[in-house]
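Protein chains in written order, with the numbering used here: chain A, 1 to 315; chain B, 316 to 678; chain C, 679 to 1008.
None of these hints come from the bench; they were simulated from the model.
Beta-carbon label-pair distances, calculated as ranges: (1) A:Gly55 <-> C:Gly865: 30 to 36 Å; (2) A:Ala167 <-> C:Ala841: 49 to 55 Å; (3) B:Lys456 <-> C:Phe992: 20 to 26 Å; (4) C:Ala841 <-> A:Lys61: 28 to 34 Å; (5) A:Lys64 <-> C:Phe984: 45 to 51 Å; (6) C:Lys995 <-> B:Glu459: 21 to 27 Å; (7) B:Lys456 <-> A:Ala208: 37 to 43 Å; (8) A:Ile19 <-> C:Met846: 18 to 24 Å; (9) A:Val211 <-> C:Thr731: 16 to 22 Å; (10) B:Val339 <-> A:Trp11: 30 to 36 Å; (11) B:Ala645 <-> A:Ile201: 56 to 62 Å; (12) C:Asn961 <-> A:Ile201: 45 to 51 Å.
Remember, it's a predicted structure, so these values are computed and weren't measured experimentally. Positions of the beta carbon are idealized from the N, C-alpha and C atoms, including for glycine.
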Amino acid sequence: MVDSKQQWKAWIYLAPAIILLPVFTVWPIISTVRMAFLNGYKGLEAVGGATFNFGIENFTKVVKYKKFTQCLKNTILLCVLTVPISTFLALIIAVCLNSIKVFQKALQTIFFLPYVTNSIAIGMVFAAMFNIVGSFLGTSNELVQTAGIINNVIMFFGGEKINWINAGSSYVANMTVMTVYIVWNALPFKILILLGGLQSINKQYYDAAKVDGTRRIRVFWRITVPLLSPMLAYVIITGFIGGFKEYTSIVGIFGEKMGPADDSKRLNTMVGFIYDSLSTNNQGRASAAALILFGIILIVTLINLYVGKKRVHYA
Amino acid sequence: MKVVLENVTKIFPSRDKKAGGEVVAVNNFNFEIPDGKLIGLLGPSGCGKSTTLYMISGLQKLSSGHIYFGEEDVSDLSPENRGVGLVFQNYALYPHMTVKQNIMFPLENLKGSDKLSKEERIERAREAARLVQIDELLERKPSELSGGQQQRVAIARALVKMPKVLLLDEPLSNLDARLRLQTREEIRRIQRETKITTVFVTHDQEEAMSISDMIVVMKLGVIQQIGAPQDVYDNPTNLFVAKFLGTPPINVFNGEVKNGKLYIGKDAVMDVKLEDKKVFVGIRPEGFILNPNGVLTNDLLSVEVMGRDVSIVSSNPASANPTIRSIIDADSKIDRDAKTISFDIKPNKIFLFDAETEERIYF
Amino acid sequence: MADDMTKNNSTLQNDKMEIKSAVENEAFATEGVEIKALKKTMKEKDMNRVVITQKVMKVMVQVFLYLFLCIMAIVVLFPFYWMIISSLKTLDEYRLSVPTFWPRQLMLHNYADAFNTASLGVLFKNTMIVGIVSTILSLVITVLSAFAFARLEFKGKNTLFAALLATMMIPGELFTITNYQTVTNLGWTNTYRVLIIPFLVSVFYIYLLRQNFLQIPNELYLAAKVDGTSDLKYLWRVMIPLALPTLISITILKMMGAWNSYIWPRLVANDEKHRLITNGLRNAFTETTGDVNYPQQMAAVALVSFPLFLVFVFLRKYIMKGVSRSGIKG
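Make the full structure from the sequences, and use the hints.
Dropping the structure here:
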């Protein structure tokens, strides 16, 4: 509306961003793509004057690389396990929260609490809860031992104690612990978004359903879920993106070994793989893995958008 | 301070980028606003009246032409150097500041020798608040005020730095009908007291007529007529101005001049010394005189009693509108069951316009 | 006052009446003979049954809701509880085969030990320096850029903004690879600036604040211009106060980011002098499984978590608002 010949003023306001962005945002995109397509690119050798051929060797090698496929498998498995569980649980909790009056705010606050935590620090707490002190087999020369609070609860209900995370633990047990932790960590965000969505649904829909005598369960599936679908879609897509970038929660529980003591790196993820490649100076490999990660995230987003167009109802 | 607009033109690039081209929002304006007068810029939306106001304020640059405040050419001055006060349609009060802080805010920008101490600023703010009669509300936040009170705060904020020219953009459009009446008297009073040259923009002809010393009627970026409200009403220069001013609006008929007589349909309503041609005939609602043997006969539709007056709704095949409204004294005897009704017409309330150009034809 | 009292009285009476009628209803339902004695028709009796079933259902649903929510709340809170009580136990008590749910002897000494073992003092200091400096600088950059995008007109504005938004799609790991090289080449490793500068411009925060700025009516800006207010003053006196909730949310999220960042600091500044809190914690207690001194470790974890809880308690509103509006996962 205002005539402004003083364009330079806008650029002064933008100057700090305009100076920093090319260095730390634009250049990295170009450079990372470049490194990914230079066969076997290593930063140190490049400084030493070595040249690399252009090609897709980094990609072909990395997908055949056993460590990488293990990481990919772990990452996908964690996504597939945690996103549906946490979304469903968050939906149920949000719906319950939305239908009570007394203590609603207090409970809402409690459910949000895990959001403001340090995933490494609380991971260490989870490790303590699942850990078994002493030999798992309970040989007699162990002085004291505790099976950990979780195992104690299981035994209280008459179950057998399980080696969750110690040396000799199974992959399934490890993944179960990770799933529990990641779901616990993911709940607050999802509950917050879904509850916000629920509270913005017009009460008239529910009144109409009530007049028609619709059963609660039917109201849930036929009214609540469709009207909440934009938020659900949002929560699911951010869940998947977060899931594909999972790293620190595993570091929290298992440490940098990324696995139980006798089988380190067993639980490594895509992001872990990228950083391992980086710290061993394999920038080409790291870049290729990062681009694959980007590709996966892009595909998930596009699928979600496509499904969203067909299934999501915008009220 | 008199304000002079000289060949003022504003051209915007067309919004439709593909089509290209330009939109002339204000086309070659020339007029002078005498010192200390209240001027209404009047026209339907899109006529360029707000653009004109913004150009006077300096918020928009001229495409060509000059604006003078007194003898000084201010065309290239930025708003803060022109010494204008501007009141926005939605008041634009800072929501996080109290009334006092809002009014004092413009004073904080004064620099050099104009700089005021905090005490002086508060005193000036109080003075301005007193002028618009909101001195009780100084510690409130805008959200705690009614629409009318917010309007007063906005005026006080515009007045506090003693502007040479006060500009009001649709000052009454956000108020309800009763407040509107009251506030326009208030604006008139403040303007009289301060004697600041004031320009205000409105699309409401009644509002403009009631308080302006002079109105400027505009249409599609072109000035149609300038003058005192009563003069413009009594002597419109074209059909647009005639139609735009007056409530109820003027009645328009398709007429014809034939053999020195003006015909509306089959009725010859008066003698005119004009050559034969098709014309638009405009008759003000108050221009009808009830007469059973009158020159114009319409089909009677209904009679609405409004206390002081009676409003007769009738129709005529020659009318450009579906109904014709005439305002008659309440004392007049009207046969409500009659099929038709006949009138004589006051000669000073009937206007002729060219059927092609819609320009006034004097006779 | 008097009004309130009468209101209370009347609600009390209503309650009583409801109870009474409920009791009567029950009597009708159970004692069919009595109903006949009272000359109630069959139809009315059925209606009473329906009313009772409805009430019972309603109460049961509410009980179930609260039960479920309470169980979930316990599950959510349990790790925090376990962290705190474990941090207060002696090592021997912690290792009892049957765990205790309240420490027999409060071992506050664990906290002092943990503080020294992990040299938390230095870590706190480093994290605060990085957190505060990067938050302030980041806020300045974000505010200036958001203002330019929201209020100023310049060539290429929309193109530039769209390009910025596009970079938000890309995962951070992709940037890290090259940024790691860049900062190494610049010789910035093991400095504070390596922890601050690369993340100063957040496209997301610029976007968030711009949206907020756009909601402020343009007339405020024009009014300020007529009064001769400079852009900077307008920004400081009007835009910033009006966008304060968003700015507070950004501040909290940024501070939490410094507190929780792990990957980047580990790569570029993992020396004693510049190490941040999360890395320090992980470094000091490398073993998480097996025979570990958990009470001390939990004390350290509690110390690291405590500031976050404080922030949560006092600024919960802003965090929840910021997160729900922006939908960021920290």
